[in-house]
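Trainee: Protein chains in written order, with the working numbering: chain A, 417 to 667; chain B, 417 to 667.
These aren't lab readings, by the way, just hints derived from the structure by calculation.
Certain hints may be false.
Taking lysine-lysine pairs in the BS3-like style, the calculated list, with each CA pair at most 25 Å apart, reads [what the hints assert, rightly or not]:
1. B:Lys665 <-> A:Lys570
2. B:Lys512 <-> B:Lys525
3. A:Lys525 <-> B:Lys567
4. A:Lys648 <-> B:Lys554
5. B:Lys637 <-> A:Lys665
6. B:Lys628 <-> A:Lys570
7. A:Lys647 <-> B:Lys554
8. A:Lys525 <-> B:Lys570
9. B:Lys628 <-> A:Lys451
10. B:Lys637 <-> A:Lys567
11. B:Lys633 <-> A:Lys567
12. B:Lys647 <-> B:Lys628
Listed next, the stretches of chain B that the computed footprint assigns to chain A, with coverage defined by at least 3 CB atoms under 8 Å from CB atoms of chain A [claimed, not checked]:
13. 441-452
14. 514-523
From the three backbone atoms N, C-alpha and C, an ideal C-beta is built for every residue, glycine too.
What follows is each chain in one-letter form.
Number of protein chains: 2
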Amino acid sequence: MITMVILGGGNVAQHIAKAFATSTEVQVVQMYNRKGVSFQSIPVTQNLSDLVEADIYLLAVSDDAIEDIAHQIPHAQPLVVHTSGSVSIEALSSHKRRGVMYPLQTFSKDRSLDYSTIPWCLEANNNSDYQLLEYITKSISTSFYSIDSEKRKKLHLAAVFVCNFVNHLYQMGYEITEENDIPFDILQPLIQETAAKVTQGTPREMQTGPAKRNDQKTMQKHLEMLALPEKKEIYQILSNAIAQTHGRKEL
Amino acid sequence: MITMVILGGGNVAQHIAKAFATSTEVQVVQMYNRKGVSFQSIPVTQNLSDLVEADIYLLAVSDDAIEDIAHQIPHAQPLVVHTSGSVSIEALSSHKRRGVMYPLQTFSKDRSLDYSTIPWCLEANNNSDYQLLEYITKSISTSFYSIDSEKRKKLHLAAVFVCNFVNHLYQMGYEITEENDIPFDILQPLIQETAAKVTQGTPREMQTGPAKRNDQKTMQKHLEMLALPEKKEIYQILSNAIAQTHGRKEL
């Protein structure tokens with residue numbers, strides 16, 4: 417059994433603890449965070465000086481804290497890994513054996529996930545530790561990729577577009593329905609189908625709507641309906657980006 | 417049996433013909449379009465003067481063509497409906513009985529859909545025709561709403577945000593993965609989960625990412641990675657919109 421200490425008290429740490437709770441290869445022997453929050457019966461400490469010995473120390477802390485906390489892990493020669501999309505593996509350079517396990521998913525507090533489908537981006541500074549990361553990842557997921565720090569940063573950027581920014585566009589749609597006394601639920605089948613479509617072809621092939629078909633009249637009417645200049649600007653800039661992608665006239 | 421003629425040769429006309437093919441209440445007796453494309457064994461004509469008599473004439477043509485084609489439907493007292501999100505019911509004012517059946521979904525050519533879940537936005541200029549539209553809609557879907565022309569325009573605008581613009585953000589994510597030799601499929605679980613999350617709470621509650629947590633360092637790194645000024649601008653404007661929604665500092 418491989419032993420692991422999880423450092424961090426946020427959503428990611430909680431979800432990772434929950435994912436490894438089902439693993440027959442890994443035992444989470446301790447959690448560390450300042451608030452003292454744990455998962456199920458895993459022992460928790462609020463002091464880095466009380467860390468127990470383990471094979472792997474996994475940091476699910478904020479990007480800025482990675483280097484500092486890694487530096488304070490006292491035990492000799494453990495494998496220290498972080499879980500960040502945008503931080504280089506070199507942030508762990510105070511340790512001889514270092515790695516990254518970046519789960520490419522959005523984690524919310526009260527939302528349960530199918531952990532077996534989460535893609536993990538793995539990196540280690542030597543081959544045997546890479547094999548170890550692959551071995552423990554396989555015990556919780558069917559999906560893993562070897563991705564170095566440079567590519568991981570790009571992937572994190574892509575994730576901001578397809579997740580964080582997409583969610584804000586959902587919010588903009590939500591606000592329009594709310595202001596007009598329309599139930600937001602009426603948009604759900606469209607939201608789900610738009611996401612489902614890109615499993616079947618490239619997003620470019622799946623594009624529909626006024627900007628794609630150069631329907632200037634409809635776009636002008638839409639701009640008039642948007643009262644706030646910030647919202648008009650988002651409408652305009654995204655319509656023009658679609659027009660460019662499809663060789664159409666801009667707004 | 418209620419008889420219907422479908423006018424239009426695009427994706428929407430094809431999908432509507434396909435949806436009504438399973439209806440036991442409606443028979444599509446003819447299709448009209450300039451290219452002469454039909455669906456299964458439905459008779460097709462390329463001449464408006466050859467339209468047969470029917471209870472309902474359904475226009476699934478481009479917004480700009482609705483008024484003109486409606487005007488050319490020759491038969492006395494039929495119910496004429498269009499399927500557009502952004503055109504008023506009054507575009508059909510050459511007919512005494514007029515209505516709208518707007519399917520709130522994105523239709524692509526080679527993609528099959530579960531028609532029973534498509535929300536239809538219904539409107540008619542008299543109550544008995546509204547009842548008739550509800551009756552025929554129920555024969556193909558479990559989801560329909562009474563939405564007038566003003567609200568329908570707002571809903572169409574919301575649909576552009578949650579579908580067309582969202583799809584373009586998928587495209588931006590696709591381009592980042594392609595430029596860096598990363599398989600786009602690695603982003604699929606994230607895309608699907610981001611869409612699935614908003615069935616459980618408001619998009620505002622589900623927001624995650626650097627702009628939400630005011631992570632200026634990561635946002636600056638992301639801006640540096642985006643080479644094209646248009647892409648930087650989209651990153652900046654959407655990050656600022658998220659910051660505003662969540663009371664954070666702008667980029």
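Trainee: Run every hint past the structure and note whether it holds.
Mentor: Each hint, compared with the structure:
{"no.": "1", "hint": "B:Lys665 <-> A:Lys570", "verdict": "holds, 24 Å"}
{"no.": "2", "hint": "B:Lys512 <-> B:Lys525", "verdict": "violated, 34 Å"}
{"no.": "3", "hint": "A:Lys525 <-> B:Lys567", "verdict": "violated, 34 Å"}
{"no.": "4", "hint": "A:Lys648 <-> B:Lys554", "verdict": "violated, 37 Å"}
{"no.": "5", "hint": "B:Lys637 <-> A:Lys665", "verdict": "violated, 32 Å"}
{"no.": "6", "hint": "B:Lys628 <-> A:Lys570", "verdict": "holds, 19 Å"}
{"no.": "7", "hint": "A:Lys647 <-> B:Lys554", "verdict": "violated, 36 Å"}
{"no.": "8", "hint": "A:Lys525 <-> B:Lys570", "verdict": "violated, 32 Å"}
{"no.": "9", "hint": "B:Lys628 <-> A:Lys451", "verdict": "holds, 22 Å"}
{"no.": "10", "hint": "B:Lys637 <-> A:Lys567", "verdict": "holds, 14 Å"}
{"no.": "11", "hint": "B:Lys633 <-> A:Lys567", "verdict": "holds, 18 Å"}
{"no.": "12", "hint": "B:Lys647 <-> B:Lys628", "verdict": "holds, 19 Å"}
{"no.": "13", "hint": "441-452", "verdict": "violated (count 0)"}
{"no.": "14", "hint": "514-523", "verdict": "holds (count 4)"}
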